[in-house]
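Protein chains: 4
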Amino acid sequence: MTDPEDLATRVREGELRIHELEEHTDHDTAAEARRLFVEGETGTDLESIGDYTFPAERADPNIENMIGAAQIPMGIVGPVDVNGEETGANDGGAADGEHYLPLATTEGALLASVNRGLGVIRTAGGADARVTKNGMTRAPVFRVKGVAEAAETVEWVNDNFDVLADAAESTTSHGELLDVEPYVVGDSVYLRFAYDTKDAMGMNMATIATGEACEIVESETPASLVALSGNLCSDKKPAAINAVEGRGRSVTADVLIPGELVEERLHTTADAIAEANTRKNLTGSAKAGSLGFNAHAANVVAAAFLATGQDEAQVVEAANTITTMDARRREDGTADLYASVSLASLEVGTVGGGTKLPTQSEALEILGLRGGGDPAGSNADALAEIIAVGALAGELSLLAALASRHLASAHEDLGR
Amino acid sequence: MTDPEDLATRVREGELRIHELEEHTDHDTAAEARRLFVEGETGTDLESIGDYTFPAERADPNIENMIGAAQIPMGIVGPVDVNGEETGANDGGAADGEHYLPLATTEGALLASVNRGLGVIRTAGGADARVTKNGMTRAPVFRVKGVAEAAETVEWVNDNFDVLADAAESTTSHGELLDVEPYVVGDSVYLRFAYDTKDAMGMNMATIATGEACEIVESETPASLVALSGNLCSDKKPAAINAVEGRGRSVTADVLIPGELVEERLHTTADAIAEANTRKNLTGSAKAGSLGFNAHAANVVAAAFLATGQDEAQVVEAANTITTMDARRREDGTADLYASVSLASLEVGTVGGGTKLPTQSEALEILGLRGGGDPAGSNADALAEIIAVGALAGELSLLAALASRHLASAHEDLGR
Amino acid sequence: MTDPEDLATRVREGELRIHELEEHTDHDTAAEARRLFVEGETGTDLESIGDYTFPAERADPNIENMIGAAQIPMGIVGPVDVNGEETGANDGGAADGEHYLPLATTEGALLASVNRGLGVIRTAGGADARVTKNGMTRAPVFRVKGVAEAAETVEWVNDNFDVLADAAESTTSHGELLDVEPYVVGDSVYLRFAYDTKDAMGMNMATIATGEACEIVESETPASLVALSGNLCSDKKPAAINAVEGRGRSVTADVLIPGELVEERLHTTADAIAEANTRKNLTGSAKAGSLGFNAHAANVVAAAFLATGQDEAQVVEAANTITTMDARRREDGTADLYASVSLASLEVGTVGGGTKLPTQSEALEILGLRGGGDPAGSNADALAEIIAVGALAGELSLLAALASRHLASAHEDLGR
Amino acid sequence: MTDPEDLATRVREGELRIHELEEHTDHDTAAEARRLFVEGETGTDLESIGDYTFPAERADPNIENMIGAAQIPMGIVGPVDVNGEETGANDGGAADGEHYLPLATTEGALLASVNRGLGVIRTAGGADARVTKNGMTRAPVFRVKGVAEAAETVEWVNDNFDVLADAAESTTSHGELLDVEPYVVGDSVYLRFAYDTKDAMGMNMATIATGEACEIVESETPASLVALSGNLCSDKKPAAINAVEGRGRSVTADVLIPGELVEERLHTTADAIAEANTRKNLTGSAKAGSLGFNAHAANVVAAAFLATGQDEAQVVEAANTITTMDARRREDGTADLYASVSLASLEVGTVGGGTKLPTQSEALEILGLRGGGDPAGSNADALAEIIAVGALAGELSLLAALASRHLASAHEDLGR
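Protein chains in written order, with the numbering used here: chain A, 788 to 1203; chain B, 788 to 1203; chain C, 788 to 1203; chain D, 788 to 1203.
Check before you lean on any hint, since a few could be wrong.
Identical chains share a label here; the pair holds if one copy fits it or two copies do between them.
What the hints assert, rightly or not - Here are the simulated EDC-like cross-link-like pairs (lysine to aspartate or glutamate), alpha carbons at most 16 Å apart as the crow flies:
hint, residue 1, residue 2
1, K1143, E834
2, K920, E942
3, K932, E810
4, K1143, E844
5, K1143, E792
6, K1143, D832
Rather than coming from a laboratory, the hints here were simulated on the basis of the structure.
In isolation and in its complexed conformation, chain A is listed as follows (with noise of 0.2 Å):
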């Protein structure tokens, strides 16, 4: 009984349900029956939907009710120059040399505008970029009864690390517990576990190990587990606790470009690109209210996201990036330009969830960072890096484009 014609005719007579078609056929089968009821029922024909090109099995762990696909153009952008060597009192970065990006995205003059910031990047020499803070996080809620026991609870916890490391470790080959720390409101005491999940993104690594930590805290206080996340982890809302102390790879990314490359081949100058920044990315995202200080780091983020695999709903604080551009004056006068950005918590991973699709598996070889790297968390590492570069090189070209406008119309201006 596995032709799909039938099967999305029991479906549409209800003697089957649509997410049970896996169990009577094959993944593609199934997918297939499913998109002809589907297509009966809305009147329509879902042949590009249909047309996707991996076996449907190995979409198994990522999606549950499949049709297809949904295909969302790649393009590629670099070399990223990054400059990742150790020297003297510093211990380098993850990723050194030069990397093809893949960015998938529907965003037209995106992969253009990164492009052209990477080609000033490596005519200045390549960036740095170092990842300066790692961890990933959960944080269970936990109920008392008051203050008095949320004081006991914390101090529970405070004296205890060690004891609820044991218990987190058990569940997991590769993640360390670094951190808990605890948060009281009133009845409920938030813990914040804190993990090197090494390769993986590791949210799923970060719960389980979570929930055998939080058995012995139950056991051990008089707190009642009430959700495995209290929102204080933060994950995929924008969160300062997560701007403050980071999520995922905090890593920052920088380049110095000499003021006659600016005006070259950026056609502006670093004070005019400086301007721009304070106004824009620093006093406007002030005024703004808001957590971001940045012109568009997230089109970089949420599209090297999609090429390589990554939780696409994670770029809601991945994003999070602090740029700043400064006019550094030399002693004739004249300034280069300093760049940076700086993302608090960026969540990725070069091992599980989306990365062993066939497309983004091809992506994450691209930049030479399939699978676990050695040691481990290197290749994670380095994808920080590289896409906090690109996201500097859409910084720039951005901020750019902005000043090199002004100065055009500066110029009409004059010319009045």
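Given chain A, put chains B, C and D in place with the hints provided.
Leaving out everything else, chains B, C and D in the frame of chain A:
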């Protein structure tokens, strides 16, 4: 000279630049040549990326340097049951009846969870959903000499809305200027233009129209344009200004679920769900310094955006959601569950951007919302309402899972 | 029975309650009896607290259970030099000329610092200051059954501003309703009423007027009032809605200081001050997840509030300030300093509240701003502008101190 | 030459500057001369301001250019009933038993409202209160060349806490360095130093100690100090970093009030209060983009700060409070009210600053908390706990008033 191998060689040898390929051959061959070049440079095999199924030329407005496509698994949930009929004093919603909602994601269990929530909503008689505000914004920043000129500029803008509307609307056949709100920070003046962009998401329309209006501002006031976006828009950044004032569609969806249904289908109680929501989504997010008071609305928004060709980077603010869950007590002491989601700044469109690509276009057809609506804007309104109900289902399902696990352990506690 | 010892005894013996004393004697004797009682209970001597110098009855509208007064040292800074004259297209400010500003504080060095800044401002020719927005707000929250009723309520409110204005303004001889902005979150509808309250800070006026308007809303729509303040006002809490949309007066002050003056009087350079401001007040506050992008504006606001009888608890939002400092480069390569402060929600009044108390009233007289202005509202506008210039002076002085220390150490660095 | 008239004349004639008077006479005469000068310049009579009752010299550490004092009415509320006893696993609070709390304010009805709440708390058996975190912070900002140096600096700081602690603690006999947390934004490195400052609020102590530690950082790393405060402290600004991580004392207070008591004394129900709290303090503040999830905690904090000599400008962050109100259902279906306040960053001291002034010192004596505690820090802890209970009483009383008014109108509704 359209042999892709030859073109790849010429790129490798520096004769052609990677973005110039489309000038020398058709789009598909250009993409192939680019793949060959990247494969050579990186020692990879990009077969899956190259196995896209649309004419590359159709993606020309959406990407540069194309090498192929990312294939993201797409599934179906639903039907989404929306009560949109007009009733008395009530104008009704744009969406009405049952709709299948396509979602593209790599997050396992997401569709199953949303589907469970949608089933409960259907049994409860469907959800209500309404767009309560609509306006796509663009906020340029101007430089003035100081506060005196700033005050003069603000006064002129407040007195000349019609002049600005004429200029802005001269650039568009559909868009209408709704409002211009001035903000002053020292010698920077920000003007937040808001437009009704009908069925288009409208960012480009708003940008072009605002550019035209800026010329009037520059000629009639002392203000000089620094950047066409001054971040009070605020695009692709989490910002309170969007959470408070809205951007794109502000949409709310809700449902009242009988207590019996909560117990039978969600295996918990209205009280337990309300408690989990308060401790996690309200108090937890408050403590986290968050702009997102929900569990995982971003999951549904991101997956619907991917499937239907929306701008993935706008998930950052589009997912901005407050979820409320209340136990509405009945006379007999039992309680029903009132559940709602309010998305402040959901930027969606059914025309333009990525909506024309084949798989995305088919996804909109499944919803019956491909292209412009009648009246204009009604398709985008309906899309916003259906996504909101999807997000509501996701919130319900996850909070019920948290609450029922808690109930289970509470029962164990009693058994001790 | 007005012997204070007897009254204290009766309180001690439970015959009288501590707040009932004014029913049995005059206000000063009641305060004395209360002191005697507290002294007895706590073994203290409250001589200084009892040594207040105003008739206790004058404080009757301001306090209950009075025992005396806190004496906070008050000093004077200035003159504050404000250029408020009307010039061409420019309507001018409410404050003009030189004013001494009284400040009450226990923070040593504050007045010296502000005074230094004011001296530099005077030498630079004075500061400009303008109120760019004015509106005291009150935002009740209503309960509705759900989103359909919410949409109906919003529509009614948007269509019936005049009806609400008539109701609101029937309760006040001075106040004018400027705007009613609706916000929907699930089954809660918030209406943010904004009033021109002239020379009164206006919180009470706005509350009473809004209460009257709420009765109309309840009778004409399905909405039912839950609380007269729903925290979108937002009173005495730091909130982006105030930072973005303003509350009370939105006021900006600025000054352009010649580079020579920066060097002579502040012992640093425009570039060094601008750098300190960017790294501390813009980037630092951005990273801190702050709503305050300034150095210590709250010091000046709090001290001016205390001296002039404003509501001390409103310092929370009244101090909300963005400070900008830019080096404006001249043709010869040297730079002048442009400095500004923009206070989004400065709630001030010159009538009502604590302004009638003797020391506070005298402080307003020093400023020439006691009581109602002509035209109505101009005194409160002028007070806002002068406080803003005071805050500007405080920012200038502190940032210069930071920058000059840095310059000094930079010089030492060069000397090594 | 100590005749005040003569001195005033010399100021008027430019022979003396207004801040130099103390060099020529005693402090009281200097203040008198200054008043005479200001009276002459402004045509005022400053009799009340001049009628202060402490030796001007005692205010010398607190103010410059003194002309007198602001007299703010002070009253008394209480007793504040705090259960601080140690019980089993529970370390107990610093405050225990009954305390009268002095409050200085010009906000009529505030003390009556707080007193009502305190009465209910007493009848309910008193409130619990605990300091759950303690640390006064100062966060300098350093300049580095770029991200490589930033990473190097962070690494050095993480490896050398002891070196920094030695340097910092060399400047203070009481303070202890608890933590140094590094944050990187481009070429700026922020180090957030946290200290246990015992019974002092500790801002000055922390600043001096941090200054010493900064010299080590500058000599051992490539980082160069730009400003001793880089706004991640964050002092006198509303900032998520304080709301999340705390500053000064993080303190929580709560009480469980029997349903009968809620009805008898507050004329409403636990359910109605919980509803008002959720719609106003949680959902309303969420929608407002607020960092303050309470009704009016700032009123109590500001009034207690004024009375006891705290830093009024710190009310900005000290009032940062999350209020929770829950109906705890009993088996019979009725509900008790659980009420709590959690203040994240309450900066208080019982030594230093304004605490030595006469009226302020007496106010601390009323509380039994003047000067240093035994053990050190316990007086400031107790002050934090008592203020928290005061804030709890204020929240209870206001929310009950809102809820009962609503109940009343609900009753009317039923009567229609």
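So, going through the hints one by one against the coordinates:
In this assembly of identical chains, K1143 and E834 lie within 16 Å of each other by CA distance solely across copies; the values are 15 Å between and 25 Å within a copy. With identical chains, the CA atoms of K920 and E942 are at most 16 Å apart between copies only, with a shortest distance of 10 Å across copies and 26 Å within one. When the C-alpha separation of K932 and E810 is checked against a cutoff of 16 Å, the pair qualifies neither within a copy, at 47 Å, nor between copies, at 42 Å. With identical chains, the CA atoms of K1143 and E844 are at most 16 Å apart within one copy only, with a shortest distance of 12 Å there and 28 Å across copies.
Taking the closest pair of Cα atoms, K1143 and E792 never come within 16 Å of each other, the shortest separation being 31 Å inside a single copy and 29 Å across copies. With identical chains, the CA atoms of K1143 and D832 are at most 16 Å apart between copies only, with a shortest distance of 15 Å across copies and 29 Å within one.
Checked against the numbered hints given earlier, the structure breaks hints 3 and 5 and satisfies all the rest.
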